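> Each chain is listed here by its residues.
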Amino acid sequence: MSRGRLKRPVWPHLFLIPLTLVMIVPLYWVFKTSLTGEILYTYPPSLIPKNPNLFYYIDVYYWIPFLRYLWNSLFVSAIVVVSNIVINSMAGFSLRYSFPGKKMVILIFLSCMLIPFQTTIIPAFLITKQFGLIDTHFGLAFPLLTTIINIFIFKSAFDAIPKSLSDAARIDGMPEWKILFRIFLPLSKPAIATNIILTFLWSWNNFIWPLVIIRTKEMQTMPLGLARFLSYFEPSSGPLYAFTILVIVPVIIVFLWNQKSFISSMISGALKG
Amino acid sequence: MSLGSTLLDIVKRNKGAIIFFSVIGLSIGIWSIYVRANDDGIIEGLVVDQHGRGVANAIVLLQKKGYDILDEPIVTTADEYGYFIYEDVAMLEFVIGAEREGYITPEGRISYHRYFLKHNFELPEPLLLIKEVAQ
Numbered sequence: 018m019s020r021g022r023l024k025r026p027v028w029p030h031l032f033l034i035p036l037t038l039v040m041i042v043p044l045y046w047v048f049k050t051s052l053t054g055e056i057l058y059t060y061p062p063s064l065i066p067k068n069p070n071l072f073y074y075i076d077v078y079y080w081i082p083f084l085r086y087l088w089n090s091l092f093v094s095a096i097v098v099v100s101n102i103v104i105n106s107m108a109g110f111s112l113r114y115s116f117p118g119k120k121m122v123i124l125i126f127l128s129c130m131l132i133p134f135q136t137t138i139i140p141a142f143l144i145t146k147q148f149g150l151i152d153t154h155f156g157l158a159f160p161l162l163t164t165i166i167n168i169f170i171f172k173s174a175f176d177a178i179p180k181s182l183s184d185a186a187r188i189d190g191m192p193e194w195k196i197l198f199r200i201f202l203p204l205s206k207p208a209i210a211t212n213i214i215l216t217f218l219w220s221w222n223n224f225i226w227p228l229v230i231i232r233t234k235e236m237q238t239m240p241l242g243l244a245r246f247l248s249y250f251e252p253s254s255g256p257l258y259a260f261t262i263l264v265i266v267p268v269i270i271v272f273l274w275n276q277k278s279f280i281s282s283m284i285s286g287a288l289k290g
Numbered sequence: 191m192s193l194g195s196t197l198l199d200i201v202k203r204n205k206g207a208i209i210f211f212s213v214i215g216l217s218i219g220i221w222s223i224y225v226r227a228n229d230d231g232i233i234e235g236l237v238v239d240q241h242g243r244g245v246a247n248a249i250v251l252l253q254k255k256g257y258d259i260l261d262e263p264i265v266t267t268a269d270e271y272g273y274f275i276y277e278d279v280a281m282l283e284f285v286i287g288a289e290r291e292g293y294i295t296p297e298g299r300i301s302y303h304r305y306f307l308k309h310n311f312e313l314p315e316p317l318l319l320i321k322e323v324a325q
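Each protein sequence line maps, in turn, to chains A and B. According to my numbering, the residues represented by the first sequence are 18 to 290, in order. According to my numbering, the residues represented by the second sequence are 191 to 325, in order.
It is possible that some hints are incorrect.
Distance condition first, Cα-Cα at most 27 angstroms in a straight line; then the derived DSSO-like pairs of lysine-lysine [to be verified]:
(1) B:205 / A:277
(2) A:146 / A:180
(3) A:234 / A:119
(4) A:206 / B:202
(5) B:254 / A:277
(6) A:67 / B:255
(7) A:180 / A:120
(8) A:49 / A:119
(9) A:67 / B:202
(10) A:172 / A:195
(11) A:234 / B:255
(12) A:49 / B:255
FYI, nobody ran anything at the bench for these hints, they're computed from the structure. Since this is a predicted model, take the numbers as computed values, not measurements.
Given the sequences, and given the hints that come with them, work out the whole structure.
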């Protein structure tokens with residue numbers, strides 16, 4: 018063994034490679050069908066696409082207002098991601114301090130996490146209606162503007178930052194909001210990445226809430242568009258699979274963009290005792 | 191720190207994202223130029239017999255193809271060399287076929303797909319008509 022280089026065991030890869038294939042094959046199949054239009058029951062099945070083309074993607078573009086759906090989903094996700102980073106970081110920062118009733122606040126947060134969204138959907142709808150946000154982008158983003166699990170992610174990231182840093186900044190006369198945005202947030206990139214990935218994913222995949230509050234075709238998001246597409250063009254597997262690929266590609270891009278920080282956040286969370 | 195060095199620093203730190211979005215932007219730009227240059231809605235081709243000779247005055251039928259319905263065909267006539275052309279046709283997927291008295295159409299109507307609604311399109315294969323042999 019060469020100096021400074023660890024010999025890695027090979028045997029885990031014997032399990033990991035087949036496992037990876039099992040995970041990738043369905044996704045590959047969707048991608049392949051989006052290029053060939055072969056139905057699922059084509060016999061004999063082939064792994065290699067025959068006569069691949071981009072026509073099904075073009076069909077998607079012409080058949081439905083795809084760019085409108087994409088814009089709606091991206092805009093709503095952007096609102097959700099930005100508001101989550103701002104609100105959750107402030108909430109996580111405040112939980113670093115000791116204040117009367119802190120334990121109660123944490124208990125309320127934790128208990129709220131146990132309530133599924135489906136049970137609060139009617140009050141959420143009524144509140145959104147009171148604000149006049151039905152059928153708007155902000156209405157779509159409303160229930161996801163802050164998420165409790167991400168507050169705890171920020172809290173645990175901030176807890177790992179030495180108190181001496183904030184004390185030094187305070188002695189220098191820095192206000193609290195500057196301590197948060199200038200010192201704590203730049204030191205918590207893994208927590209920010211986790212926030213971005215999770216909230217983007219939740220917002221992007223959200224189906225029930227848009228279904229409840231959206232009334233016009235122009236405000237529909239990608240998952241609603243997919244459901245509509247499915248009801249219109251059920252027999253045509255090619256365009257449907259092409260649309261599915263277009264729905265999942267942004268999520269994959271966001272994940273790959275934040276992958277390193279996300280994994281480091283997961284690992285640091287796992288190692289904390 | 192000057193503005194130039196700050197920008198350079200941002201570019202260095204986000205090299206991957208900049209390359210990714212540049213490639214996407216460039217692709218969209220090239221595609222837009224291509225679309226602008228090829229959006230007259232022309233569909234053209236040849237009608238030939240089994241010997242490869244153009245069939246004059248053949249009737250060419252062009253129909254929009256949907257998943258469930260076929261619209262009324264647009265009809266044109268091939269010239270003396272068997273050449274035909276449609277202009278300003280806005281359809282993505284279509285079926286096309288030719289007919290003429292005294293000829294049979296062995297392939298029936300052939301389906302084609304264009305990349306955008308008014309994509310200029312030349313049939314990759316001529317439409318084939320075979321002369322009927324008198325009994």
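> Please go over all the hints and tell whether each is borne out by the structure.
A quick look at each hint next to the structure:
At most 27 angstroms may separate the alpha-carbon atoms for a hinted pair to count; residue 205 of chain B and residue 277 of chain A meet this at roughly 15 angstroms. Restraint check for residue 146 of chain A and residue 180 of chain A: the C-alpha separation of about 43 angstroms exceeds 27 angstroms, so the hint is violated. Annotation: proposed proximity of residue 234 of chain A to residue 119 of chain A is violated, straight-line Cα distance about 45 angstroms (limit 27 angstroms). Restraint check: the Cα-Cα separation between residue 206 of chain A and residue 202 of chain B comes to about 18 angstroms, which is no more than 27 angstroms; the hinted pair holds.
For the given pair, residue 254 of chain B sits about 49 angstroms from residue 277 of chain A by alpha-carbon distance, which is inconsistent with the 27 angstroms threshold. With a CA separation close to 22 angstroms, the supplied pair residue 67 of chain A and residue 255 of chain B stays within the 27 angstroms bound. Annotation: proposed proximity of residue 180 of chain A to residue 120 of chain A holds, straight-line Cα distance about 20 angstroms (limit 27 angstroms). Among the hinted pairs, residue 49 of chain A with residue 119 of chain A is inconsistent with the structure: their alpha-carbon atoms are about 53 angstroms apart, more than 27 angstroms.
Using a Cα cut-off of 27 angstroms, the hinted pair residue 67 of chain A and residue 202 of chain B is violated, with the two alpha carbons roughly 41 angstroms apart. Taking the CA atoms of residue 172 of chain A and residue 195 of chain A, the gap is about 17 angstroms. The hint holds against a cut of 27 angstroms. Proximity of residue 234 of chain A to residue 255 of chain B is assessed by CA-CA distance (about 25 angstroms); at most 27 angstroms being required, the pair is judged to hold. Pair hint residue 49 of chain A plus residue 255 of chain B holds up; C-alpha atoms about 23 angstroms apart against a cutoff of 27 angstroms.
Hint check: violations occur at hints 2, 3, 5, 8 and 9; the rest are consistent with the structure.
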